[in-house]
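Chains as they are written, first to last, in this note's numbering: chain S, 1 to 110; chain W, 1 to 113.
Keep in mind that the hints were calculated from the coordinates and are not lab data.
From the three backbone atoms N, C-alpha and C, an ideal C-beta is built for every residue, glycine too.
Watch out, some of these pointers could steer you wrong.
Simulated crosslink set (DSSO-like; lysine-lysine; CA at most 30 Å straight-line) [what the hints assert, rightly or not]: (1) 56(S) <-> 68(S); (2) 37(S) <-> 71(S); (3) 68(S) <-> 20(W); (4) 20(W) <-> 55(W); (5) 66(W) <-> 55(W); (6) 64(W) <-> 54(S); (7) 37(S) <-> 109(S); (8) 5(S) <-> 54(S); (9) 5(S) <-> 71(S); (10) 64(W) <-> 68(S); (11) 5(S) <-> 14(W); (12) 64(W) <-> 20(W).
To list a few chain W residues with every Cβ distance to chain S over 12 Å, as calculated [unchecked claim]: (13) 27; (14) 38; (15) 45; (16) 86; (17) 97; (18) 101.
Examples of chain S residues lying across from chain W (beta carbon under 8 Å, computed) [said to hold, decoys possible]: (19) 41; (20) 55; (21) 79.
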Amino acid sequence: DQQVKQNSPSLSVQEGRISILNCDYTNSMFDYFLWYKKYPAEGPTFLISISSIKDKNEDGRFTVFLNKSAKHLSLHIVPSQPGDSAVYFCAASAQSDMRFGAGTRLTVKP
Amino acid sequence: GAVVSQHPSRVICKSGTSVKIECRSLDFQATTMFWYRQFPKQSLMLMATSNEGSKATYEQGVEKDKFLINHASLTLSTLTVTSAHPEDSSFYICSARTGVEAFFGQGTRLTVV
Chain S
1 DQQVKQNSPS
11 LSVQEGRISI
21 LNCDYTNSMF
31 DYFLWYKKYP
41 AEGPTFLISI
51 SSIKDKNEDG
61 RFTVFLNKSA
71 KHLSLHIVPS
81 QPGDSAVYFC
91 AASAQSDMRF
101 GAGTRLTVKP
Chain W
1 GAVVSQHPSR
11 VICKSGTSVK
21 IECRSLDFQA
31 TTMFWYRQFP
41 KQSLMLMATS
51 NEGSKATYEQ
61 GVEKDKFLIN
71 HASLTLSTLT
81 VTSAHPEDSS
91 FYICSARTGV
101 EAFFGQGTRL
111 TVV
């Protein structure tokens with residue numbers, strides 16, 4: 001039962017352009033959403049989060065948008081940089097539960 | 001940000017032996033700790049959730065007698081892979097939660113030969 005879905009396994013963008021990573025969830029009890037970045041053979045590192053009471057959170061080049069009615073969130077990276085190339089996981093949490101999407105591998109080409 | 005230390009980072013063991021992986025939150029007390037497994041090119045699969053002082057809650061399909069989880073304190077959780085087999089070879093990652101955020105260890109690459 002996949003409660004959090006990232007339907008795009010990979011995304012390739014040109015340096016300087018915008019990267020948009022999408023995530024959908026099914027459980028309406030989730031009240032906090034997070035994005036993590038993961039390099040090979042390392043643990044994920046926290047990137048940005050958003051509470052369910054907000055619809056946007058911005059931190060530098062990273063912005064997360066939440067559409068509660070659609071149960072959809074997205075991560076925007078602009079401008080994209082080659083160092084952003086990694087696997088991005090979205091996560092949704094509710095009290096003691098946290099679920100992850102399958103991840104999207106972002107490749108930013110110079 | 002908060003630091004979670006996972007040890008060892010790599011371990012090679014013989015089939016049939018047991019391996020213990022430690023997960024420590026260094027500068028905060030973790031209300032909940034999670035253990036994940038990642039297969040090549042796949043997502044993080046939640047294995048179990050543990051709260052300090054209580055038994056871990058295992059996900060469907062995860063053998064609790066094979067993957068023993070102990071959460072003895074608010075800063076330490078351990079995962080023991082018992083009677084390891086080659087199919088247990090994988091990348092295991094722990095995370096510790098404080099409030100609404102979770103922080104991850106660096107992961108353990110387990111190879112069973």
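Evaluated hints:
no.	hint	in the structure
1	56(S) <-> 68(S)	11 Å, holds
2	37(S) <-> 71(S)	21 Å, holds
3	68(S) <-> 20(W)	41 Å, violated
4	20(W) <-> 55(W)	17 Å, holds
5	66(W) <-> 55(W)	15 Å, holds
6	64(W) <-> 54(S)	38 Å, violated
7	37(S) <-> 109(S)	17 Å, holds
8	5(S) <-> 54(S)	20 Å, holds
9	5(S) <-> 71(S)	11 Å, holds
10	64(W) <-> 68(S)	35 Å, violated
11	5(S) <-> 14(W)	36 Å, violated
12	64(W) <-> 20(W)	14 Å, holds
13	27	14 Å, holds
14	38	9 Å, violated
15	45	8 Å, violated
16	86	19 Å, holds
17	97	7 Å, violated
18	101	7 Å, violated
19	41	7 Å, holds
20	55	17 Å, violated
21	79	24 Å, violated
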